[in-house]
Amino acid sequence: MIAIAVLAGLLMWGALFVFAAPAASHSRALLRHLATALAIAALILAFLRPSWQAHSPAADALLITQGADNALLDSLLHRQAFNTVFALGATDPKWLPPTAQPIPDVAWIGRYFPAINQLRIAGHGLKSYDLEQLPSAPLAFHEAALQSGIMAIDWPREIALGERLTVHGRLSGFADQTGLLKLSDLAGIVDSLKFEQGENRPFRFSILPPAVGQWLYRLQFITEAADTLVDVLFGVSVREPEQLRILMLHSMPRFETRFLKEMLARSGHALAIRSAISRDRFRTEFINLAERDLSAIDATILQNFDLLIADAATIRDLSQPELRAISQAIGENGMGLLIMPDIAFSELDSTGNLPPFLAYFKFQKGDDLERREITPELLGPQEIVLSKIPALSMALQEDAALQPLIRDGQNRTMAALARFNLGRVGVTLIEESYRWVLAGDSQAHAAYWSFLITRLARSQAVSEKLMLPQPPIYFVDEPLSITLHSPHPMPGAIIRSATQTPDSLRFRQNELEPQRWRTTFWPRETGWYTITSDRGAETAFYVLPLTSWPRLQQAQKHAATRAFVRTQAAQIGPQASAVALTSQPVSLVYFFIIFLLSCTYLWAERKF
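Under the working numbering, the first residue of the sequence shown is numbered 730, with each subsequent residue one higher.
These are computed hints drawn from the structure, not numbers from a lab. Warning: the hint list may mix true and false statements.
Straight-line distance between alpha carbons at most 25 Å, and here's what the computed DMTMM-like set of lysine to aspartate or glutamate pairs gives [stated by the list, open to error]:
1) K911 / E985
2) K1094 / D1170
3) K990 / E969
4) K990 / D1170
5) K1094 / E1051
6) K923 / E969
7) K856 / E1207
8) K856 / D1206
9) K1117 / E953
10) K1094 / E985
11) K856 / D914
12) K1117 / E991
13) K1091 / E1161
14) K911 / E887
15) K1094 / E1020
16) K856 / D883
17) K990 / E1020
18) K1091 / E1051
19) K1091 / E1160
20) K1117 / E1127
21) K990 / E1106
22) K911 / E953
23) K1194 / E1267
24) K1091 / D1046
25) K1091 / E1127
What follows is a set of in silico ranges between Cβ atoms, one per label pair, in the way DEER data are often shown [what the hints assert, rightly or not]:
26) N799 / L1326: 54 to 64 Å
27) P826 / Q1172: 18 to 28 Å
28) L922 / Q876: 16 to 26 Å
29) A1129 / Q809: 46 to 56 Å
30) P826 / A874: 33 to 43 Å
31) D960 / D883: 18 to 28 Å
Glycine included, C-beta positions come from ideal geometry on N, C-alpha and C.
Turn these sequences into a full structure, and let the hints steer you where they fit.
The structure is reproduced here in structure tokens:
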């Protein structure tokens, strides 16, 4: 400040000297005017402080993120000298070096330090959306140790009433702890698992939500000393099951038909049942559906149904016009077909005259030619293992056109589906599923049939579908990707929370998949949100606080940062040290010298 005051005083004195100088001889007028102009220009430039672009070596920088402790930082700071140290997030201040500069976000580095020779990231790293804001420079990641907790988990965000909720994951970091992992809802404990000492302990819960609605569950790991080491929440939305119209054709009255009929009727489905009692004589039954003639199956009858369930003997005995009508209903109208187990399977396969919708299904005899019991495993996003049940002593041959639905304990396919134009055809080899009900396990019976029916039946839902990332762990103030599958132009949606004003969502169309639309939403508060598209598609999800699921968040940051470092290295490749282009102000000394020389000349001209 003193130097500026002195300089200002000198400049003011020089200005008075210049403008007060008396006129000189005309022979030196040109030099006098030039000196005066230089003095005035120097005076003006001294106040404007112009700058110039300078090249300087870029800095080596250290970015400290959450989880970086004293040992990790000491090892880095003793090994390498950093020109700049940044601190992001709630890093413990007592472990930060004195030179650490707190920053509000990652983008701040790119704005104020555009050229960095190398950036080292210490701690748990960054999430993917933060990594994209880093400057283009070589990166190195120094990982902090992960804390104990749930390292992986998955569950369906939304299920239909009657479907089982399966939660499976892995607990890590409690090698010397024994305790209970408890699953509870608002009413209390739903299920629990006892864990002995050991690392990376897997867990699986399978429960049946009792009603439609939005359910909030809690997972807690409590030690024998009553210490709660894990305490996290997750949400599940239970919707009404879709009301389907189902036609059942059987070659004889069966116990299987009776128990299946009762289960479907309780779920509100509309049923038409035809059972043969002799040649060309049938017994029919209708539930939630008007009666009609089912003696001959044609296109007019089939167009009213979403799913046909038949045994192999019925398919074998159908006339060619009836088979053509079924093929048309599946291929052109999207009706589903499920064929139940029957010894007639072998007769269908041996004739070589399979209907076109069964062309991909081939059967192989098992080693155990007698009827056998299997432990079915339902192959969905949430794999479910059911108790033992009888099955035919055969298996479905693997085929690229088949999607396995159920396998046994020996990894043989016991149920599969194949696409037939617009529809889907499924075959199951599990027989007498009603034995689950007789054994008191009606939930297994319902889970088995719901699993098959939902994958085969023609959907009566709206033409749009909303999708969110899996696993359904979403945090407040973080971006959430929402995908809408819609054949309509410019679709939109409304998103609602319990307390906020509804927001409108606008989607961007995928260039490669015209029916796929995407947008990003930033939840502003925790709790339940509901999204409704313009044409009625609806889904719900639960938003958690940022402090929830710490172990899982740390693992996600580690994985994202490692992947980004590899990608950045591949894109940048080996390169020389970066050079920064910086703006440097011109020193006031230069202006003062020009001003002083000009004033000296004018003074000398007056004297001599």
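Report the numbers of all earlier hints that the structure fails to satisfy, in ascending order.
Per hint list: 1, 2, 5, 6, 9, 11, 15, 27, 30 violated.
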